[in-house]
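Q: Spelled out from the first residue to the last, the chains are:
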Amino acid sequence: GENVEQHPSTLSVQEGDSAVIKCTYSDSASNYFPWYKQELGKGPQLIIDIRSNVGEKKDQRIAVTLNKTAKHFSLHITETQPEDSAVYFCAPGTDKLIFGTGTRLQVFP
Amino acid sequence: EAGVVQSPRYKIIEKKQPVAFWCNPISGHNTLYWYLQNLGQGPELLIRYENEEAVDDSQLPKDRFSAERLKGVDSTLKIQPAELGDSAVYLCASSLAGEETQYFGPGTRLLVL
Chain D
1 GENVEQHPST LSVQEGDSAV IKCTYSDSAS NYFPWYKQEL GKGPQLIIDI
51 RSNVGEKKDQ RIAVTLNKTA KHFSLHITET QPEDSAVYFC APGTDKLIFG
101 TGTRLQVFP
Chain P
1001 EAGVVQSPRY KIIEKKQPVA FWCNPISGHN TLYWYLQNLG QGPELLIRYE
1051 NEEAVDDSQL PKDRFSAERL KGVDSTLKIQ PAELGDSAVY LCASSLAGEE
1101 TQYFGPGTRL LVL
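Which chain is which? The protein sequence lines are D and P, in order. Take the first sequence: its letter number 76 is residue 76 in the numbering used here, and every next letter is one higher. Take the second sequence: its letter number 98 is residue 1098 in the numbering used here, and every next letter is one higher.
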């Protein structure tokens, strides 16, 4: 089955700094690459996604880059703010999403 | 527009007791998912419905878990009997038919004592 790994598992940054989370996957058939944000006591929320025919996508302070040859994609958050503190999950897949183990991001004021 | 609704939000039961969770998806979403999320881990798919048909239940432990979506809208997930290891958050999600983006509810946090 699909093996999905995220690195790092925890990440602490100062407000205003950038944060990068990497996701590696094993299934070469994956063609959809989303990132979800989960705050305490809530369900995951989609923050950005990319499809396999695109290498990079940006939405304000958030960007996702995809390297399909190497089977990894990354989440980039610039100018981090305390409200970015949450657990972030990648979930590569096709019609079925396989979630990674998550990265806990803490942004200190 | 209302999001995915789940109830109850919290449930505490003793082992061997039955428990049921309810989900109301976003209006118009044909596809409904139930996920299990253990502490410190990502969600794991239990079952996926397309309208009232379960199209993927390969990860559902069928000896104690059951689910239904009789009219293709609301869904219920049941555990009978519950075991200590079932303590987790049970998430419901929905999506439009043929679209990958899934919208999650807040989840039901189950504690089995």
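I should point out that these hints are in silico values taken from the structure, not numbers from a laboratory. One or more of the hints may lead you astray.
For each label pair, taking beta carbons as the anchor points, the in silico distance ranges come out as [said to hold, decoys possible]:
| no. | chain 1 | residue 1 | chain 2 | residue 2 | range |
| --- | --- | --- | --- | --- | --- |
| 1 | P | Trp1022 | D | Leu46 | 49 to 55 Å |
| 2 | D | Glu79 | P | Asp1057 | 41 to 47 Å |
| 3 | P | Lys1071 | D | Leu40 | 40 to 46 Å |
| 4 | D | Lys42 | P | Trp1022 | 24 to 30 Å |
In silico PhoX-like cross-links for lysine-lysine, where the CA-CA straight-line distance does not exceed 25 Å [what the hints assert, rightly or not]:
| no. | chain 1 | residue 1 | chain 2 | residue 2 |
| --- | --- | --- | --- | --- |
| 5 | D | Lys37 | D | Lys57 |
| 6 | P | Lys1011 | D | Lys42 |
| 7 | P | Lys1011 | D | Lys96 |
| 8 | P | Lys1078 | D | Lys42 |
| 9 | P | Lys1078 | D | Lys68 |
Yeah, the Cβ is synthetic: ideal placement off N, Cα and C, and Gly gets one too.
Q: Hint by hint, where does the structure go against what was stated? Just the numbers, ascending.
A: 1, 3, 4, 7 and 9
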